[in-house]
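Residue numbers (the numbering used here), protein chains in the order written: chain A, 1 to 761; chain B, 1 to 188.
Don't take every hint at face value.
In silico lysine-lysine, BS3-like type, Cα no more than 25 Å apart, as pairs [said to hold, decoys possible]:
{"#": "1", "chain 1": "B", "residue 1": "LYS135", "chain 2": "B", "residue 2": "LYS82"}
{"#": "2", "chain 1": "B", "residue 1": "LYS82", "chain 2": "A", "residue 2": "LYS13"}
{"#": "3", "chain 1": "A", "residue 1": "LYS745", "chain 2": "A", "residue 2": "LYS759"}
{"#": "4", "chain 1": "A", "residue 1": "LYS746", "chain 2": "A", "residue 2": "LYS693"}
{"#": "5", "chain 1": "A", "residue 1": "LYS742", "chain 2": "A", "residue 2": "LYS551"}
{"#": "6", "chain 1": "B", "residue 1": "LYS135", "chain 2": "A", "residue 2": "LYS50"}
Here are a few chain A residues that face chain B, going by a calculated C-beta distance under 8 Å [said to hold, decoys possible]:
{"#": "7", "residue": "GLU4"}
{"#": "8", "residue": "TYR5"}
{"#": "9", "residue": "TRP10"}
{"#": "10", "residue": "LEU12"}
{"#": "11", "residue": "LYS14"}
{"#": "12", "residue": "PHE17"}
{"#": "13", "residue": "ARG47"}
{"#": "14", "residue": "LEU59"}
{"#": "15", "residue": "LEU526"}
{"#": "16", "residue": "GLN527"}
No lab work stands behind these hints, which were simulated from the structure alone.
Just so you know, even glycine gets a beta-carbon here, dropped at the ideal spot from N, CA and C.
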Amino acid sequence: MTSEYSDPQWQLKKELFQAALELPLAQQQEFLNTQIQSETLREEVCRLLKLHGTDDSFLSSPFEGRSESSQSGARMTDPYVGQAMNGFTIQRLLGLGGMGAVYLAQQVNPDRAVALKILDQPQHQTEKRIRRFMHEINVLARLDHPGIAKIYSAGTFDFGRGLQRWFAMELVNGETLGKFIESCGPDLQHKIDLLIQICEAVDHAHVRGVVHRDLKPSNILMSLSQTSVGKKAAEGARRIESQSASIKIVDFGIARITDDTEELPLTLDGEILGTLHYMSPEQLTGKQEQVDGRSDVFAIGMIGFEMLTGNLAYDRRGLSMSEIIARANVDSPTRLRKIQPSFSRDLESIFATALAPDRQLRYLSPRDLANDLRRYLNGERPLVRKPSVIYRARRFVSLHRGLVFGTLATIVGLTVGMIFYANAAQRANRNATELKYEVDKAQTINDFITNDLVTRFLLASAGPNDQRDDLGRRVEEASEKIAIMFHNQPTYQAAIHNELGTLFYNLRNFEKAEGEYLKAKSIWELQLGPNHNDTLKAVNNLGQTYLALGKHDQAEKLVEQAYLGRLASLGQDNPLTISSKINLAHVYMQTNRVSQAKQMLTEIVERKADWGQDSDKAILTAMANLGAIHIQDGQLEEALQLHQRGFEIGREHYGEVHPTSISLTMRFAQTLHRAGRNEEAQTLIEQSLPQLKASSGSDSLETVNALRLLSRINRDLEKPDRALQHLREAEKSLLESKRDEKLLKKVQSELTALEQGKKQN
Amino acid sequence: MDNHSDAFSEQPDIELQNSDELFLALYDELHRLAARFIQNERPNHTLQTTALVHEAWLKLKSSVSAQPDSTTGLSREHFMAKAAVVMRRILINHAKSAKRIKRGGGASQFSIGEVAVEFNDRAIDLVALDDELHKLEQLDPRQFRIVEMRFFGGLTVEECAGVLGISVRSAYLDWAHARAWLRARLEG
Numbered sequence: 001m002t003s004e005y006s007d008p009q010w011q012l013k014k015e016l017f018q019a020a021l022e023l024p025l026a027q028q029q030e031f032l033n034t035q036i037q038s039e040t041l042r043e044e045v046c047r048l049l050k051l052h053g054t055d056d057s058f059l060s061s062p063f064e065g066r067s068e069s070s071q072s073g074a075r076m077t078d079p080y081v082g083q084a085m086n087g088f089t090i091q092r093l094l095g096l097g098g099m100g101a102v103y104l105a106q107q108v109n110p111d112r113a114v115a116l117k118i119l120d121q122p123q124h125q126t127e128k129r130i131r132r133f134m135h136e137i138n139v140l141a142r143l144d145h146p147g148i149a150k151i152y153s154a155g156t157f158d159f160g161r162g163l164q165r166w167f168a169m170e171l172v173n174g175e176t177l178g179k180f181i182e183s184c185g186p187d188l189q190h191k192i193d194l195l196i197q198i199c200e201a202v203d204h205a206h207v208r209g210v211v212h213r214d215l216k217p218s219n220i221l222m223s224l225s226q227t228s229v230g231k232k233a234a235e236g237a238r239r240i241e242s243q244s245a246s247i248k249i250v251d252f253g254i255a256r257i258t259d260d261t262e263e264l265p266l267t268l269d270g271e272i273l274g275t276l277h278y279m280s281p282e283q284l285t286g287k288q289e290q291v292d293g294r295s296d297v298f299a300i301g302m303i304g305f306e307m308l309t310g311n312l313a314y315d316r317r318g319l320s321m322s323e324i325i326a327r328a329n330v331d332s333p334t335r336l337r338k339i340q341p342s343f344s345r346d347l348e349s350i351f352a353t354a355l356a357p358d359r360q361l362r363y364l365s366p367r368d369l370a371n372d373l374r375r376y377l378n379g380e381r382p383l384v385r386k387p388s389v390i391y392r393a394r395r396f397v398s399l400h401r402g403l404v405f406g407t408l409a410t411i412v413g414l415t416v417g418m419i420f421y422a423n424a425a426q427r428a429n430r431n432a433t434e435l436k437y438e439v440d441k442a443q444t445i446n447d448f449i450t451n452d453l454v455t456r457f458l459l460a461s462a463g464p465n466d467q468r469d470d471l472g473r474r475v476e477e478a479s480e481k482i483a484i485m486f487h488n489q490p491t492y493q494a495a496i497h498n499e500l501g502t503l504f505y506n507l508r509n510f511e512k513a514e515g516e517y518l519k520a521k522s523i524w525e526l527q528l529g530p531n532h533n534d535t536l537k538a539v540n541n542l543g544q545t546y547l548a549l550g551k552h553d554q555a556e557k558l559v560e561q562a563y564l565g566r567l568a569s570l571g572q573d574n575p576l577t578i579s580s581k582i583n584l585a586h587v588y589m590q591t592n593r594v595s596q597a598k599q600m601l602t603e604i605v606e607r608k609a610d611w612g613q614d615s616d617k618a619i620l621t622a623m624a625n626l627g628a629i630h631i632q633d634g635q636l637e638e639a640l641q642l643h644q645r646g647f648e649i650g651r652e653h654y655g656e657v658h659p660t661s662i663s664l665t666m667r668f669a670q671t672l673h674r675a676g677r678n679e680e681a682q683t684l685i686e687q688s689l690p691q692l693k694a695s696s697g698s699d700s701l702e703t704v705n706a707l708r709l710l711s712r713i714n715r716d717l718e719k720p721d722r723a724l725q726h727l728r729e730a731e732k733s734l735l736e737s738k739r740d741e742k743l744l745k746k747v748q749s750e751l752t753a754l755e756q757g758k759k760q761n
Numbered sequence: 001m002d003n004h005s006d007a008f009s010e011q012p013d014i015e016l017q018n019s020d021e022l023f024l025a026l027y028d029e030l031h032r033l034a035a036r037f038i039q040n041e042r043p044n045h046t047l048q049t050t051a052l053v054h055e056a057w058l059k060l061k062s063s064v065s066a067q068p069d070s071t072t073g074l075s076r077e078h079f080m081a082k083a084a085v086v087m088r089r090i091l092i093n094h095a096k097s098a099k100r101i102k103r104g105g106g107a108s109q110f111s112i113g114e115v116a117v118e119f120n121d122r123a124i125d126l127v128a129l130d131d132e133l134h135k136l137e138q139l140d141p142r143q144f145r146i147v148e149m150r151f152f153g154g155l156t157v158e159e160c161a162g163v164l165g166i167s168v169r170s171a172y173l174d175w176a177h178a179r180a181w182l183r184a185r186l187e188g
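Using the sequences and the accompanying hints, generate a full structural model.
So this is what it looks like as structure tokens:
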């Protein structure tokens with residue numbers, strides 16, 4: 001077939017190629033120039049390196065990667081289409097969901113089109129998924145309402161892939177509620193009528209002991225069936241217009257049966273992001289025992305508010321998931337009339353009641369909400385009461401949540417980080433393979449974290465005494481499982497190690513973070529090469545961890561590697577490059593190379609300011625750190641200027657209560673204090689302190705530092721009693737939580753000094 | 001580094017003592033792999049996933065039973081590595097016969113070469129790839145094995161390293177080099 005083939009330089013070329021591959025991108029060319037004399041040889045190796053670096057998809061195995069069912073490729077030949085079973089013929093795929101696929105199928109007797117939901121192939125079925133699938137069947141079997149898609153039959157089949165579960169349900173022909181509002185633009189009365197329909201359907205479920213828990217516009221479909229329209233029209237003669245449709249609620253996959261003894265965990269199946277906007281505070285903060293019909297009332301309120309105004313009543317856009325959760329108990333809904341003053345006060349009170357953060361102040365049932373909406377349509381006064389002052393005070397008292405809250409926030413925050421992968425990939429306009437890789441990766445990690453990690457944690461946090469150690473242990477357990485769960489997908493495995501590293505980093509457990517980042521780095525290095533963006537991400541994170549551990553040499557090497565790699569592949573204006581540059585400057589600051597750090601930060605600040613992009617987080621960080629250097633150099637005026645600008649941008653861009661602006665406020669207050677402007681500093685801190693406590697906890701480093709600063713300010717203002725008072729408060733919360741012994745010692749020694757100073761005076 | 005054979009032995013319903021049971025357990029996986037190759041099958045194409053699997057299956061069984069020593073305790077990776085060899089032969093044979101049919105006329109019932117290339121956005125001529133792989137095999141048998149396992153068997157770099165008993169780093173470097181070299185050869 002083939003004659004003998006040889007290449008005397010094979011070994012040499014291979015070794016040069018492989019040696020160069022292990023070097024950072026920036027050094028490869030230099031290495032080749034110095035090592036290879038022969039130009040043709042050098043060109044050949046260069047060419048191979050270039051081919052290596054440019055396209056990951058070449059020779060990618062069609063057999064590798066994610067399992068069949070989750071492939072995004074729509075070009076797949078579908079194994080089910082054309083199959084007949086149990087009196088149904090499967091016709092085409094309607095959609096893929098977290099649990100499997102939904103097909104359009106034709107039933108023979110009676111002759112009708114149905115939606116056929118099929119659970120994943122047997123090899124992907126876990127006991128949990130099967131239970132959830134059966135659970136949805138059981139839930140639907142209880143319900144019989146024109147506003148809820150009906151279940152017809154259920155069973156199993158075997159097409160040669162093992163036993164698979166299915167159920168057939170009513171086929172809904174219309175679009176989702178969200179799209180309907182957008183495209184048809186119904187008037188106010190029509191919208192409220194739809195809302196009443198939703199209330200009635202959900203109320204029916206509640207009466208049968210089913211709480212939906214995941215109501216959102218995409219779970220409400222518009223049915224064009226004429227019969228149900230007719231029935232509705234008879235009920236409320238003037239509401240229904242000719243083109244109108246009735247609603248059908250679908251997806252009871254995470255519904256809860258309230259009289260069921262077996263408690264189903266909150267299994268979100270990677271849908272956290274979409275759902276979160278409509279979730280009640282008790283769901284967001286993981287208080288499963290408090291989730292009842294009133295959580296659905298809240299979701300209906302959110303949906304209605306959005307239908308009427310086009311805005312979300314709790315505007316959570318631009319916030320990270322952890323921030324949303326941290327604020328879940330703090331925020332109040334936007335008033336309806338603030339967005340559209342033409343709405344009546346009655347309507348405003350109805351929505352304020354449905355959307356009350358405290359469920360005890362909401363409507364007791366969707367029926368009550370529907371009744372008030374009817375009263376409004378009929379020009380009568382609704383029965384709602386306005387939230388009282390006592391209630392508002394109570395809400396502030398109950399803000400204090402401590403660890404369970406904070407750690408949950410971190411975990412869920414990770415989930416969103418994952419979804420970011422997908423978004424970032426889309427923005428970056430990369431080739432299809434790479435995009436698919438990013439999206440798949442995001443999905444995989446998201447599934448893992450939401451299904452496994454969050455579920456475990458929520459289950460655990462159901463008990464009142466959950467502690468940080470427990471979370472740490474759980475994360476470790478999960479970490480050990482990664483290798484098993486993703487043994488075919490090492491790059492995803494690495495991504496999860498990376499995220500777990502971040503979780504530990506945020507928990508300030510830097511040793512554990514180091515372990516996870518090391519794993520991520522070595523896997524990515526092997527799979528993607530040392531200069532891939534993912535590898536550099538882990539390199540950067542590991543560097544940051546070493547810095548936190550005080551291992552400056554290791555930190556510098558890694559952070560520099562990440563910076564140079566990103567500079568070479570992404571360019572100097574890429575946010576990741578800038579963030580690495582800031583980190584490197586930070587290393588220099590820690591290792592007494594202040595002038596270098598100063599120069600780097602100045603470059604960033606000036607360059608960014610030129611573009612008028614001075615509101616992103618990177619530049620705010622750069623400004624804050626540059627200010628700190630100015631202080632070290634005794635240039636207080638420059639520092640004041642920078643910190644004031646950061647503070648103002650933060651307030652303007654993020655609002656007063658955003659964690660970023662609070663941290664910028666504290667920074668500015670500290671500099672004001674240094675400049676002797678103590679009254680101003682005091683006012684700023686006192687304004688932000690309640691928010692700071694609410695979002696990061698009374699025993700957090702940030703809160704304690706704010707109290708320490710406040711104490712020093714009062715000492716300088718010669719109010720020693722108040723100075724003592726602030727430090728004692730910090731001591732008290734640190735003593736209670738036992739979270740940070742080192743910080744506690746610091747506070748106590750300051751306390752001693754202060755008491756002695758007071759005695760001497 | 002994580003040990004992948006652990007992942008396998010954790011699955012409780014699979015016994016390692018008997019290679020037949022192992023085969024049955026992994027049949028699904030092979031089935032899944034084969035399905036990928038004919039995802040884009042057109043209606044007149046007759047070769048079904050199952051047929052492809054059976055063909056691979058029979059060849060694999062005979063190759064394993066010809067060497068009885070290697071059958072006991074065969075790990076998943078080794079199984080997949082063997083499957084990769086079989087898969088390569090089947091695919092290349094199909095690609096070649098498809099080319100012959102094209103040249104010599106006659107009804108083309110099935111061309112897995114055409115089908116296979118559609119997975120990758122970039123088309124790979126399997127027959128040309130086969131020629132280059134033969135050269136690679138003579139130049140560097142280890143790189144050849146890695147390409148075979150990765151491309152035709154869907155093994156990860158780590159799994160390849162496990163099968164060959166080399167470090168993951170070496171496996172990665174060999175894979176990177178082989179891939180770049182093949183690309184240079186195939187894309188001219």
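Quiz item: What hints, given by number in increasing order, does this structure fail?
Solution: Hints 2, 10 not satisfied by this model.
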